[in-house]
Amino acid sequence: MIISSALVFGLLISALILVAAGVSASDLFNEFVLYTLFDGQSLRAVLFQAAPLIVLGLAGALAFRARFWNLGLEGQMIWGAIAATAVSLFEIGPPSLRLVLMFIAAIIGGLMWALVPVLLKLHLKVNEIISTLMLNYIAVNFLLFLLYGSWKDPRDSFPYSPQFKSFERLPNIFDGVNLAIPIALVIALLVLWFTRISRAGLYLRFVDSSPGVAAAVGVPVQRVILLTVLFSGALAGLAGFMVSAGQEERLTHSFYLGYGFSGILIAFLARNQPIAATVVAVLVATLFVGGRSLQVYYQIPFSMVQLIQAILVICVASSDFFIRYRIRRIQSEA
Amino acid sequence: MSLKNALQLDRVSKSFDGFKALSDASFTARWGEVHALLGENGAGKSSLMNIAAGLYAPEAGALFIDDNPVRLTGPRDAMRQGIGMVHQHFKLVSPFTVAQNILLSMNQSALRGFYDHKLAKVSQAISQKSEELGFGIDPRTRTDRLSVAEQQRVEILKVLLAGAKILILDEPTAVLTDDESNRLLTTVKALATRGAAVILVTHKMHDVMRYADQVTIMRGGKTVATLAPQSVDLSKLVKLTVGDTDSARSVSEPHIRGAARLVITDLSSAQTTTQASNGVLRGVNLTLHSGEIYGIAGVGGNGQTELANALMGFGAPTCGDMLLDGQTQLQSLTPTERRAQGIAAIPADRYGAALAAPLSVADNYAMGQIHSGRYGSFGWLNSRKIAADTTKAIEAFDVQGVRSIHQKAALLSGGNAQKLVIAREFNHPPAIVFAHSPSRGLDVRAMGAIHARLHAARAAGAAVLLISEDLDEVLALADRIGVMSSGRIVVEFNQPADRQAIGQAMVHHV
Numbered sequence: 001m002i003i004s005s006a007l008v009f010g011l012l013i014s015a016l017i018l019v020a021a022g023v024s025a026s027d028l029f030n031e032f033v034l035y036t037l038f039d040g041q042s043l044r045a046v047l048f049q050a051a052p053l054i055v056l057g058l059a060g061a062l063a064f065r066a067r068f069w070n071l072g073l074e075g076q077m078i079w080g081a082i083a084a085t086a087v088s089l090f091e092i093g094p095p096s097l098r099l100v101l102m103f104i105a106a107i108i109g110g111l112m113w114a115l116v117p118v119l120l121k122l123h124l125k126v127n128e129i130i131s132t133l134m135l136n137y138i139a140v141n142f143l144l145f146l147l148y149g150s151w152k153d154p155r156d157s158f159p160y161s162p163q164f165k166s167f168e169r170l171p172n173i174f175d176g177v178n179l180a181i182p183i184a185l186v187i188a189l190l191v192l193w194f195t196r197i198s199r200a201g202l203y204l205r206f207v208d209s210s211p212g213v214a215a216a217v218g219v220p221v222q223r224v225i226l227l228t229v230l231f232s233g234a235l236a237g238l239a240g241f242m243v244s245a246g247q248e249e250r251l252t253h254s255f256y257l258g259y260g261f262s263g264i265l266i267a268f269l270a271r272n273q274p275i276a277a278t279v280v281a282v283l284v285a286t287l288f289v290g291g292r293s294l295q296v297y298y299q300i301p302f303s304m305v306q307l308i309q310a311i312l313v314i315c316v317a318s319s320d321f322f323i324r325y326r327i328r329r330i331q332s333e334a
Numbered sequence: 001m002s003l004k005n006a007l008q009l010d011r012v013s014k015s016f017d018g019f020k021a022l023s024d025a026s027f028t029a030r031w032g033e034v035h036a037l038l039g040e041n042g043a044g045k046s047s048l049m050n051i052a053a054g055l056y057a058p059e060a061g062a063l064f065i066d067d068n069p070v071r072l073t074g075p076r077d078a079m080r081q082g083i084g085m086v087h088q089h090f091k092l093v094s095p096f097t098v099a100q101n102i103l104l105s106m107n108q109s110a111l112r113g114f115y116d117h118k119l120a121k122v123s124q125a126i127s128q129k130s131e132e133l134g135f136g137i138d139p140r141t142r143t144d145r146l147s148v149a150e151q152q153r154v155e156i157l158k159v160l161l162a163g164a165k166i167l168i169l170d171e172p173t174a175v176l177t178d179d180e181s182n183r184l185l186t187t188v189k190a191l192a193t194r195g196a197a198v199i200l201v202t203h204k205m206h207d208v209m210r211y212a213d214q215v216t217i218m219r220g221g222k223t224v225a226t227l228a229p230q231s232v233d234l235s236k237l238v239k240l241t242v243g244d245t246d247s248a249r250s251v252s253e254p255h256i257r258g259a260a261r262l263v264i265t266d267l268s269s270a271q272t273t274t275q276a277s278n279g280v281l282r283g284v285n286l287t288l289h290s291g292e293i294y295g296i297a298g299v300g301g302n303g304q305t306e307l308a309n310a311l312m313g314f315g316a317p318t319c320g321d322m323l324l325d326g327q328t329q330l331q332s333l334t335p336t337e338r339r340a341q342g343i344a345a346i347p348a349d350r351y352g353a354a355l356a357a358p359l360s361v362a363d364n365y366a367m368g369q370i371h372s373g374r375y376g377s378f379g380w381l382n383s384r385k386i387a388a389d390t391t392k393a394i395e396a397f398d399v400q401g402v403r404s405i406h407q408k409a410a411l412l413s414g415g416n417a418q419k420l421v422i423a424r425e426f427n428h429p430p431a432i433v434f435a436h437s438p439s440r441g442l443d444v445r446a447m448g449a450i451h452a453r454l455h456a457a458r459a460a461g462a463a464v465l466l467i468s469e470d471l472d473e474v475l476a477l478a479d480r481i482g483v484m485s486s487g488r489i490v491v492e493f494n495q496p497a498d499r500q501a502i503g504q505a506m507v508h509h510v
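Sequence lines, in order, name chains A and B. Here the working numbering is used: position 9 in the first sequence is 9, and no number is missing along the way. Here the working numbering is used: position 447 in the second sequence is 447, and no number is missing along the way.
No wet-lab data here; the hints were simulated from the structure. Cβ coordinates follow ideal geometry from the N, Cα and C atoms, glycine included. Just so you know, not all the hints are guaranteed correct.
Unchecked claim - Which residues of chain B face chain A? A few of them, derived with a C-beta cut under 7 angstroms, are:
| hint | residue |
| --- | --- |
| 1 | Phe314 |
| 2 | Gly352 |
| 3 | Ala353 |
| 4 | Ala356 |
| 5 | Pro358 |
| 6 | Met367 |
| 7 | Phe378 |
| 8 | Gly379 |
| 9 | Trp380 |
Build the full structure now, drawing on both the sequences and the hints.
Quick look at the structure:
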């Protein structure tokens, strides 16, 4: 309740900034509310955009619940996409199984990139905030190395990989909406099961609330953290697959931009709750889609979308005070 | 004797989440006297004093200082009015020195000059005050190098140097030995004689009878009586505190000692620890039999915590043997495997090692049997069964204050939190029980319930190891008593043991 008022407040501030930037209030309403929610095509665009964001939000929420500040969603996502592209590029497996193999490769790619910082943390107590963040740079530069080097599409000089063949793309389930959305929803259910229904969920609650108590009462703390962080990395890798095989249909040099940060933001806004993360991801997707049309029609830079995201985060973070405390006026006597 | 009123709370009420912690509680402390506030756990003593210290705002009622009405906006404001509170859990920043800690709590703008200058000034004031009170505190010592009793002295210096004239001490003797308590209370009494008003929050009758000039008794959020303790006898005081129900003090029955279950030989802390010299193990030897309660007595900080941690499976690594039934090394078992062996652990630090405060009562209870598969396989948690078991256990172990099993464990009072720990640990009759200060901070009734559980475990053939700094508790429960000093068991006594002799052993082997 308080969080939603904070969100509304943040959206109001954002609207004011957009109006100040030259978008008229009625246009704003048209772009964001009317077009995106009541226009079928835009709604499909939102869902299309929401799928990887849902998965990334869940990835962030999982890691944060294990008290592991995984700021490396971006790097894990890149590795997921690289692994999936490798399967396509080297034509591993028969065409009928190709997409499934790409899916699995992406999961393994993201998982491996999360394995490094989590092992460093568990065995050598290396701060994961630093290690995950730094590993992002390695992932980005390795991606550029591939795309400017041997993986470049020979047909032109753009830093793109060759386009995926039709059976290497996520198929449409109906016009404009591909398989990514149902996959994202299944993942959301999976995370819900993991955190609420499985025994690991109980362990994770203990690790989240008090690692000392968890260890003392017999929670296998190290294994729980390892498992959860690998799950998180695997989901980030999967998101990389969704963007490359579902949206870009090739590996590009900039496909990851904005996603890593958004995943962290969605997890934060949703207070690491899986259902809430799904809803917030759709909201952020609306912002992405609306932001792109603002860019096209009003020459508003896309960084405005990130600005709005930041405003929302600050508003929700400040609302923490109102969640913990109740404000009441006390009538002074005489 | 006509003493002037220092602090007066008039018909104060306060509720938390609809639970009325205080209803129309009135309390008056006067200048120059030690005023005890006596009551069971959850009687409202701490709530009342937190209002006096500006931590909580009352819902109704008024506060007077020197007969003038005041409204406190927070602890800083209370401090400005001369009210200082020493909390049960100390609030010191551990790697800082005594002087840094005290400087941190002071109103910085009142002191002029640079940091070094301020620190020197404060250090001087600390040395002076410490000498005056006979505290023996060096302002340059790091606070984590101090014993509990010394940390408490630092807390007292902190409020006195900030100018407190009304001193509130919340359960100050809960963590102290007999000697340390007497020393502290004598000092406190001297402060009152010199004109301060001292409020002593406690549930120890003994302290009240010996040191208080006045006592106010609280029960169920109400103040039921104020009187001079010298004018009544102990039984009257007990009756006022606990109400009409009699507080059953456990009595030892004769028993038969069984086979040796756990043999500890030459248990020592591994050499890597850089801790202060008194807090380590230096070759502990003892044998624990089934069907007995072995009590470990001693002055705090002589290795009891390290021993308890080693037994319960957390803390620094140790060397030496802890042989279970002559075959298994206890060190090699994880907490889960220990549980499977029928080992129940009741750690001293309830919210640091036993209960996850932000989690629900049911979650905390479920951890006890989660590994056995009773609550479903890995993929599925049988929450209905957990709920049923928790409800049953709460009833069987008389855990009160649980409005829903989904409420946070943090909302339970100390006694009920401890009962929840025992409910979980004893859900199967345990074979071995390790209990570290199991009744610390608990009232008479809760303590009685805990003791009864330990007795019942012994009667059922369990081997019980009780580590406690409360000599009365050890004497009341244990069949054999080992005195711990400087990291080893220096002497063992069989019951009936001589209290004086044990006390001597505790002090003289240091």
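For each hint, the structure was consulted:
For the restraint placing Phe314 (chain B) at the interface with chain A, the shortest Cβ-Cβ distance is roughly 5 angstroms, inside the 7 angstroms limit, so the hint holds. The interface hint given for Gly352 (chain B) is met, as the beta carbon of that residue sits about 6 angstroms from the closest beta carbon of chain A, less than 7 angstroms. A distance limit of 7 angstroms between C-beta atoms decides the matter here; for Ala353 (chain B) the minimum to chain A is near 4 angstroms, and the interface restraint holds. Against a cut-off of 7 angstroms between C-beta atoms, the interface hint on Ala356 (chain B) holds, since the closest Cβ of chain A lies about 4 angstroms away.
With a least beta-carbon distance of about 4 angstroms to chain A, the hint placing Pro358 (chain B) at the interface is held under the 7 angstroms criterion. With a cut of 7 angstroms, the hint placing Met367 (chain B) at the interface with chain A holds, because the nearest CB-to-CB distance is about 5 angstroms. About 5 angstroms separates the beta-carbon of Phe378 (chain B) from the nearest beta-carbon of chain A, less than 7 angstroms, and the hint is met. With a cut of 7 angstroms, the hint placing Gly379 (chain B) at the interface with chain A holds, because the nearest CB-to-CB distance is about 5 angstroms.
Residue-level restraint check for Trp380 (chain B) holds (minimum Cβ-Cβ distance to chain A is 6 angstroms; threshold 7 angstroms).
Hint check: no violations occur; every hint is consistent with the structure.
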